[in-house]
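Participant: If you want the building blocks of each chain, they are given just below.
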Amino acid sequence: MSECDESDLVQRAKSGDDGAYALLVERYRDRVFGTASRFARGRHELEDLAQEIYLRVWKGLASFREDAPFEHWFMRITVRTCYDFLRKHRRRRESEVLVDDAPPTPTQEFDGNADPEQQRREAWEIVHSLLEELGEKDRLAVTLIDLEQLSVKEAAALTGWSESNVKVRAFRARKRMKEIYDRREDAIEANQRTD
Amino acid sequence: MKPFETLMALASEYRPDAEPGPGFDTRLQARIRELREASGDLGTSFSALFTQWLWRTSWGLTPVVAILVLFFALSYGLNLPEGAGSLVYHLANLLPVDGF
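Listed in order, the protein sequences are those of chains C and G.
For the first sequence, our numbering assigns the number 513 to the initial residue and increments by one for each residue that follows.
For the second sequence, our numbering assigns the number 18 to the initial residue and increments by one for each residue that follows.
Among the clues, some could well be false.
Cβ-Cβ distance ranges computed for the label pairs, FRET-style [to be verified]:
#1 G/Gln69 with C/Lys600: 34 to 40 Å
#2 G/Leu66 with C/Gly554: 41 to 47 Å
#3 C/Ala580 with G/Arg44: 27 to 33 Å
#4 G/Glu36 with C/Arg688: 30 to 36 Å
#5 C/Glu645 with G/Arg44: 48 to 54 Å
#6 C/Gln630 with G/Ala47: 35 to 41 Å
#7 G/Leu52 with C/Gly672: 22 to 28 Å
#8 C/Gly672 with G/Arg73: 30 to 36 Å
#9 C/Asp517 with G/Asp42: 16 to 22 Å
#10 C/Pro581 with G/Leu78: 52 to 58 Å
#11 G/Asp42 with C/Ile700: 43 to 49 Å
I should point out that these hints are in silico values taken from the structure, not numbers from a laboratory.
Even for Gly, the Cβ is constructed at its ideal location relative to N, Cα and C.
Given only the sequences and the hints, what does the whole structure look like? Please build it.
Facilitator: Below is the structure:
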């Protein structure tokens, strides 16, 4: 879809055309669900979060002034909603971690013969469990920089933070995750020696 | 276990199952319709409340208007002196000023 088509769709959606908004929903589906899936746990949470993003965009359409690209405005709302989602669910997540605090461990060692997709999935599960240990801001920074592979400038534009703030938060988050990961590794090795 | 950097690189390549389930669009559209109707209702109820308030205010002002009409009618009916357009003027004449 060209920029011109998108601008037309945005205009129509602003004037109350639900069909035009449905086309925008479809157009941004991969990006919304892709980003939201980095923050949500399970399908139910993912759909709730994605719906919240689309509703916020819909409510904000009237205030969209078109002085910035629609895509940028849309993704800022997406990131902001994900951040608010993390803050809102923090307490519930903390209590769940206490109940189920066994971190995921890889079923296969890192070798060339392992199924690459399974390796990626296992790595994501471990990283996800490490992300759960971080504060919302640090988690958002490291997710955008290290997992979504955005530049510091892009991440700063989406979060509204300064570039140095993003850099510092991502660095601190990475360091903290590595510490937790190393502790887990030590614990596993100690268990193996005992066995 | 994998080195941390490798783990992060692998995790970044993994795309979690990020497809909406069946009925997602329908639920979203229904929610948007609900919100639109709710905002429409809010508009209606605000306008109804404002009209009600206006009527009440108008009726509240009725006694004040009636008193003013009565006062001016009496003023003209009693042929009060020319230039005595205000009650304050007449009342001021009644004030005892002896000794001042």
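Participant: Please go over all the hints and tell whether each is borne out by the structure.
Facilitator: Going through the hints against the structure:
Judged by the Cβ atoms, the range 34 to 40 Å given for G/Gln69 and C/Lys600 holds: they are separated by roughly 38 Å. Taking the beta carbon of each, G/Leu66 and C/Gly554 are about 43 Å apart, inside 41 to 47 Å as hinted. Between C/Ala580 and G/Arg44 the Cβ separation comes to about 30 Å, which falls inside the hinted range of 27 to 33 Å. At about 31 Å, the beta-carbon gap between G/Glu36 and C/Arg688 stays in the expected band of 30 to 36 Å.
Taken as a hint, the range 48 to 54 Å is violated for the pair C/Glu645 and G/Arg44, whose Cβ atoms sit roughly 33 Å apart. Distance hint for C/Gln630 and G/Ala47: a CB-CB separation of about 38 Å, consistent with the stated range 35 to 41 Å. Range check, G/Leu52 to C/Gly672: Cβ separation about 26 Å, and the 22 to 28 Å hint holds. With their beta carbons about 46 Å apart, C/Gly672 and G/Arg73 fall outside the hinted range of 30 to 36 Å.
Distance hint check: the CB atoms of C/Asp517 and G/Asp42 are about 20 Å apart, consistent with the given range 16 to 22 Å. As the Cβ distance of C/Pro581 to G/Leu78 is approximately 54 Å, the hint placing it in 52 to 58 Å holds. The beta-carbon spacing between G/Asp42 and C/Ile700, approximately 44 Å, falls within the hinted interval of 43 to 49 Å.
In the structure shown, a violation is registered for the earlier hints numbered 5 and 8, in ascending order.
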